[in-house]
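*Asks:* Next come the chains, spelled out residue by residue.
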Amino acid sequence: MSGNAAPTLETARVVSQEALTEDTMSLWLEVSFVPKARPGQFVSFYLDDPSRLLPRPISICDFERRLSLLRFVYRIAGEGTRQLSLLRTGDSVRVMGPLGNGYPMEEMAGKRVLLIGGGLGIPPMLGCLTDAYREPCDRESFRLPPKAVNAALGYRSAPFMLSDFSEKTHVYLATEDGSAGVKGNVLTAIREEMAPSDLIFACGPKRMLAAVASYAAERCIPCYVSLEERMACGVGACLGCVAKTKSEDPHYHVPYRRVCTDGPVFYAPDVDFS
Amino acid sequence: MRPDLSVCIAGVTLKNPVMTASGTFGSGKEYGAFFDISRLGAVVTKGIAPVPWKGNPVPRVAETPSGMLNAIGLQGPGVDTFMAEDLPYLAQYGVPVIANVCGHSEEEYLTVVEKLSDTDVSMLEINVSCPNVREGGIAFGTDPGKVCAITQAVKKITKKPVIIKLSPNVTDIRETAKAAEAGGADCVSLINTLIGMKIDVRTRRFILANRTGGLSGPAIHPVAVRMVYDVSHAVGIPVIGMGGISTAEDALEMILAGATGIAVGTAFFHDPQAAVKVIEGMEVYLAEQKISSVRELVGAVS
Ligand SMILES: Cc1cc2nc3c(=O)[nH]c(=O)nc-3n(C[C@H](O)[C@H](O)[C@H](O)COP(=O)(O)OP(=O)(O)OC[C@H]3O[C@@H](n4cnc5c(N)ncnc54)[C@H](O)[C@@H]3O)c2cc1C
Ligand SMILES: Cc1cc2nc3c(=O)[nH]c(=O)nc-3n(C[C@H](O)[C@H](O)[C@H](O)COP(=O)(O)O)c2cc1C
Ligand code: FES
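Heads up: the protein sequence lines correspond to chains A and B, in order. Plus 48 on top of the position in the first sequence (first one is 1) and you've got my numbering. Plus 1 on top of the position in the second sequence (first one is 1) and you've got my numbering.
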C-alpha cells in the first residue's frame, strides 16, 4: 500500500462531540492508532446501520497525541453523517484508520508554508499546523521557526474553527459574502495580502484546488492538494475512488490513482483537473 | 471433533467453501492487515484482461439501501503484471488462487487463458457477466449460444478447471448455466451483479458516470439464493454461490440452496473481517447441529 502504515480496525471511544455551526460537528475520538497517523490522512467511519454499508471517510482534523486522541470536523451532509452527529461522550463507533498517505510534512523543513483550506477542506489544515509545531519526535525531527506556517482559509459565510488557527498563526481570511475577512475566495485573500510561501498544502472543493494548483504552478511553488472521491472499501481494493492523474499508476499502468491509498494527497502538477 | 469444512470443486480441494468475490478483494494485499488470508478457502482475483484496462470515469460507486452500485469497468493491470506481481504475492499464502478472466472479444479471453494456463493458478473463472463494459462481459453472458461457444473455446486451450460466471440479468439463468455445462464447464459461479441505476433528484443527474451500475450486497441475497437453487437443479456440475453474503447464516443458506462453494464480496466493504467471521460461524453452526461435514448440507433444503 504505497508505503502507508497498515491501518487498524477498531471500536473507538467518543470523548466528546459538539456542534460548531448548525450543521458542522466537532468530534474527539480515542483511538489506538494515533502514533502512526499523520495530517491529511483520513478515517473510515462504519455506521451502526446495516442498511448503510459503506464507511464514511472523514479527514483527521487535529491530534492530541499525548492522550491518544484524534479530532474530526465534518458537515452533516446526509443520513450517515447525521447518525454520526448523534454520538455522545462514552459511546463507541467502529472506525478504520489511518487511511491514505497524508501530507509530506518532512518537506516543511526550512520553508515558509501556506496551508490553504476551503469550506470542509479547512479541518485537515489544522492538523498540519499542530503537527508542524509538535515537539520533534523520531519520525519528523525538524523544528520550524515561529510563523513559518500560515493559513489561508475560505468560507462561504460565517467562519468556524477560526480561533483554532488564529491562536497559533497568522490567518488570511476570505468569505464569499464578505461577512468576515476579504470578500471573495481564498485566492483573493492570498493575492491581496501577498501571502509569502515556498510550499503549499491545500484541501477544499475541486474548483478551488484547481485554482490553487495553477497559482502555485505560475510561481513555481511546490503544492500538494487533497482530493475527495466516492469510496467503497477505503483500502485500495475496489478501485471505486480513482482520480485522474498525469502520470501512470505503477501497478495498474493507467493514469488513474486510488484516492484512498495513493491519495488523498497528490502532488498538484500530477493531478488532471480537466 | 472439529467439523470438516473442506469441499472439492473440479478436483481442487478447498479447506473451506469461503472465497472472495472477484473485484472486491483487490490484488490480495489490501485486506492482509485485517485477517490471515491463508484462512480462506480460495482467493478469486479481480478481472484479468490481456492488457491494462482503464475502467470507467468516476463516480464509480454509490450506496443503495442494503447494497451498492458499482461501475468500475474492470480497471486492471493486465495479465502480464498480474503474473509478475500479484500471483507471486498470493502464492505465499498457500491458498488456491482462482483467476477471473475478462476480455472484449473471444480472442482476448483466450489470450489471457493461454497465459494463465502455464501458471500456478488453481482454476479459471470466466467472467461473461460484467454489466459495466460495452463489449465482452455481459454481451456474451446473456446469450446461451455465446456462453457455450466461449466455454468450448476456453476448454480447448486449457487444462485448468473452468468456472463460468453467470449473469442474473437474463430471463432464465438455467439456460445460460446449461449452455456453460454443454460447453464443458467444470463449474458455474453466480450471481454477478444486477444492473441498476440511481438518480440524484436535486441535480437531476445520474449518480454514476456510467449511468448504470451493478447492484450487490445484502439487497440481492434472496435473488441469488433463488438462482443458485434453480441452477443447481438444472446442471450436474458444482455451483459457487455469491450475492450479498455477509454472515455465516447467509453462506449456509446459499449452501443449502445448492452451492458447494460460496464467495464474500461487498461485505468486505462493511466489515473487512467478514470472510473470517463467515468461516468461524459455519464451524460453530456445524458443531451445534452435530453435522460432521459441510458437504452434507449442499442442496439439503427440503
Ligand atoms: C478522503 C475524504 C475525506 C473527507 N473528509 C471530510 C471531512 O473532514 N469533513 C467533512 O465534512 N466531510 C469530509 N468528507 C466528505 C464525507 O465523506 C461525506 O460528506 C460523507 O461521506 C457523507 O455521508 P452521508 O451519509 O452523510 O451522506 P449521503 O449523501 O447520504 O451519503 C451517501 C453515500 O455517498 C458518499 N458521499 C456523499 N458525499 C460524499 C463526499 N463529498 N465525498 C465522498 N463520499 C461522499 C457517502 O460516503 C455514502 O457512501 C471526506 C471525503 C473523503 C473522500
Ligand atoms: C466493486 C466491485 C467490483 C467487482 N468486480 C468484478 C470483476 O472484476 N469480475 C467479476 O466477475 N465480478 C466482479 N464483481 C461482482 C462480484 O464478484 C459478485 O459477483 C457480486 O458483487 C455479488 O456478490 P456480493 O453481493 O457478495 O458482492 C464486482 C463487484 C463489486 C461490488
Ligand atoms: S475506495 Fe476502494 S479503492 Fe479506494
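No wet-lab data here; the hints were simulated from the structure. Small disclaimer: the values here were computed from a predicted structure and weren't measured. The beta carbon of each residue, even a glycine, is placed where N, CA and C say it ideally should be. Treat the hints with care, as some may be off.
As the list claims (entries may be wrong) - Straight line, CA to CA, 25 Å or less: simulated PhoX-like cross-link-like pairs of lysine-lysine:
| # | chain 1 | residue 1 | chain 2 | residue 2 |
| --- | --- | --- | --- | --- |
| 1 | B | Lys30 | B | Lys291 |
| 2 | B | Lys179 | B | Lys199 |
| 3 | B | Lys291 | B | Lys278 |
| 4 | B | Lys147 | B | Lys157 |
| 5 | B | Lys156 | B | Lys179 |
| 6 | B | Lys16 | B | Lys291 |
| 7 | A | Lys216 | A | Lys84 |
| 8 | A | Lys292 | B | Lys30 |
| 9 | B | Lys156 | B | Lys116 |
| 10 | B | Lys55 | A | Lys254 |
| 11 | B | Lys179 | B | Lys157 |
| 12 | B | Lys55 | B | Lys199 |
| 13 | A | Lys294 | B | Lys55 |
| 14 | A | Lys231 | A | Lys294 |
| 15 | B | Lys55 | A | Lys292 |
| 16 | A | Lys292 | B | Lys199 |
| 17 | A | Lys195 | A | Lys159 |
| 18 | B | Lys160 | B | Lys116 |
| 19 | A | Lys254 | B | Lys179 |
| 20 | A | Lys216 | A | Lys231 |
| 21 | A | Lys84 | B | Lys30 |
Unchecked claim - Derived contacts from chain A toward chain B, CB cut-off under 8 Å, selection only:
| # | residue |
| --- | --- |
| 22 | Ala54 |
| 23 | Tyr94 |
| 24 | Pro98 |
| 25 | Ser99 |
| 26 | Cys281 |
| 27 | Leu287 |
| 28 | Gly288 |
| 29 | His299 |
| 30 | Val302 |
| 31 | Tyr304 |
*Asks:* A separate judgement is required for each hint: does it hold in the structure or not?
*Replies:* Against the structure, the hints:
no., hint, in the structure
1, B:Lys30 / B:Lys291, "violated (36 Å)"
2, B:Lys179 / B:Lys199, "violated (33 Å)"
3, B:Lys291 / B:Lys278, "holds (20 Å)"
4, B:Lys147 / B:Lys157, "holds (15 Å)"
5, B:Lys156 / B:Lys179, "holds (16 Å)"
6, B:Lys16 / B:Lys291, "holds (19 Å)"
7, A:Lys216 / A:Lys84, "holds (24 Å)"
8, A:Lys292 / B:Lys30, "holds (23 Å)"
9, B:Lys156 / B:Lys116, "holds (14 Å)"
10, B:Lys55 / A:Lys254, "holds (22 Å)"
11, B:Lys179 / B:Lys157, "holds (18 Å)"
12, B:Lys55 / B:Lys199, "holds (23 Å)"
13, A:Lys294 / B:Lys55, "holds (13 Å)"
14, A:Lys231 / A:Lys294, "violated (34 Å)"
15, B:Lys55 / A:Lys292, "holds (10 Å)"
16, A:Lys292 / B:Lys199, "holds (23 Å)"
17, A:Lys195 / A:Lys159, "holds (11 Å)"
18, B:Lys160 / B:Lys116, "holds (12 Å)"
19, A:Lys254 / B:Lys179, "violated (50 Å)"
20, A:Lys216 / A:Lys231, "holds (23 Å)"
21, A:Lys84 / B:Lys30, "holds (19 Å)"
22, Ala54, "holds (4 Å)"
23, Tyr94, "holds (7 Å)"
24, Pro98, "holds (7 Å)"
25, Ser99, "holds (5 Å)"
26, Cys281, "holds (5 Å)"
27, Leu287, "holds (5 Å)"
28, Gly288, "holds (4 Å)"
29, His299, "holds (6 Å)"
30, Val302, "holds (5 Å)"
31, Tyr304, "holds (7 Å)"
Hint compliance for this structure: hints 1, 2, 14 and 19 are not met, and every other hint is.
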